[in-house]
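Undergrad: Fit chain P to the given chain Z structure using the hints.
Sequence lines, in order, name chains Z and P.
Position 49 of the first sequence, counting from 1, maps to 36 under this note's numbering, and the rest follow consecutively.
Position 43 of the second sequence, counting from 1, maps to 30 under this note's numbering, and the rest follow consecutively.
One or more of the hints may lead you astray.
Any copy, or any two copies together, can satisfy a pair, since identical chains are not distinguished.
Simulated crosslink set (DSSO-like; lysine-lysine; CA at most 30 angstroms straight-line) [said to hold, decoys possible]:
hint	residue 1	residue 2
1	K4	K83
2	K94	K83
3	K83	K140
4	K19	K94
5	K83	K19
6	K56	K82
7	K131	K83
8	K83	K56
9	K159	K131
10	K159	K56
11	K82	K43
12	K83	K43
Quick caveat, the hints were computed from the structure, so don't treat them as lab data.
Take a look at the letters that make up each chain.
Number of protein chains: 2
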Amino acid sequence: MLEIEVKSYSDNIALIKSQLESMGALRVGTTKQIDIYFSHPCREFSVTDEALRIRKEGGHCTLAYKGPKIDLETKTRDEIEVEVSDCEQIASILKKLGFNIAGKVVKERTVYRNASLVVCLDEVEDLGSFVEIEYAGEDLEEGKREILSMMNKLHLSGNERRSYLELLLNKKQGK
Amino acid sequence: MLEIEVKSYSDNIALIKSQLESMGALRVGTTKQIDIYFSHPCREFSVTDEALRIRKEGGHCTLAYKGPKIDLETKTRDEIEVEVSDCEQIASILKKLGFNIAGKVVKERTVYRNASLVVCLDEVEDLGSFVEIEYAGEDLEEGKREILSMMNKLHLSGNERRSYLELLLNKKQGK
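Excised from the complex, chain Z in its bound form:
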């Protein structure tokens, strides 16, 4: 599956919520996501622009691989995800294989749907609030247009291409 998404910082999530609701977007729900990112035993993910993540969410656990971003403007990338029966066990397997914990991202995510867009409002622990707009259709060019139009409506600008993990690690290093 190809993923196209744009992420922007926002200092007023409450306003974004009311704008989404007034344009008739469907509020899907709010969940807490605990993400553990791993480093590769012999490859530098920060150089290859890949990621390996375990996500704990509402009693479920998923393992996801994210390939390098293939579009500068949006965050289009390859993503492969499976559900796993136990987060602790899959973490143990990864550690035995030489993958180490690179960082942890904890956030509360509120999801809205509007036509073929999914809008996520993320309140990230120790980092701040962000709006991620993702296109869930087949036509990538159409997806880009819809994302940019939604950004205009929500008065969002800028595309933070760094992941929450990178932002958190940069913050720790005082960058």
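TA: Below, chain P alone, put in the same frame as chain Z:
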């Protein structure tokens, strides 16, 4: 979980079945197992004596890591296993991470239970038939005694410490 097991070659699986049944062992069932083994991107599993395996069995998929054997007589080793929602997807994730397919083992496994022992009769494609006796209790010394006593009753001798994968790879190389 620690696993203690012994594996012996057998040229008469039908006789073993009737012996198990006459001693009152419970026949749990027969399944087909398709196992895909992977090599590590920067570690030689044949040297470190580890294994990473995806198993497809009756519509289910599991991912298992097996650590080095820690007992010469039995095949005691660390094993961590999780159930995964999709075998093809987890295989794709592993390939993206640099793990390659090292081999495939297809077998029909018939499982019997007798007290704290699990006896598996494996008919392995391109290899032959084997009896694996595993102890499913807490007391490792007791487990070894029970396994050796069962081997005597079934007139089995020898402990094949090589995995089916190793045996198949050796056979291919004419060893």
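Undergrad: Starting from the hint list further up, note which numbers the structure goes against and sort them upward.
TA: 1, 3, 9
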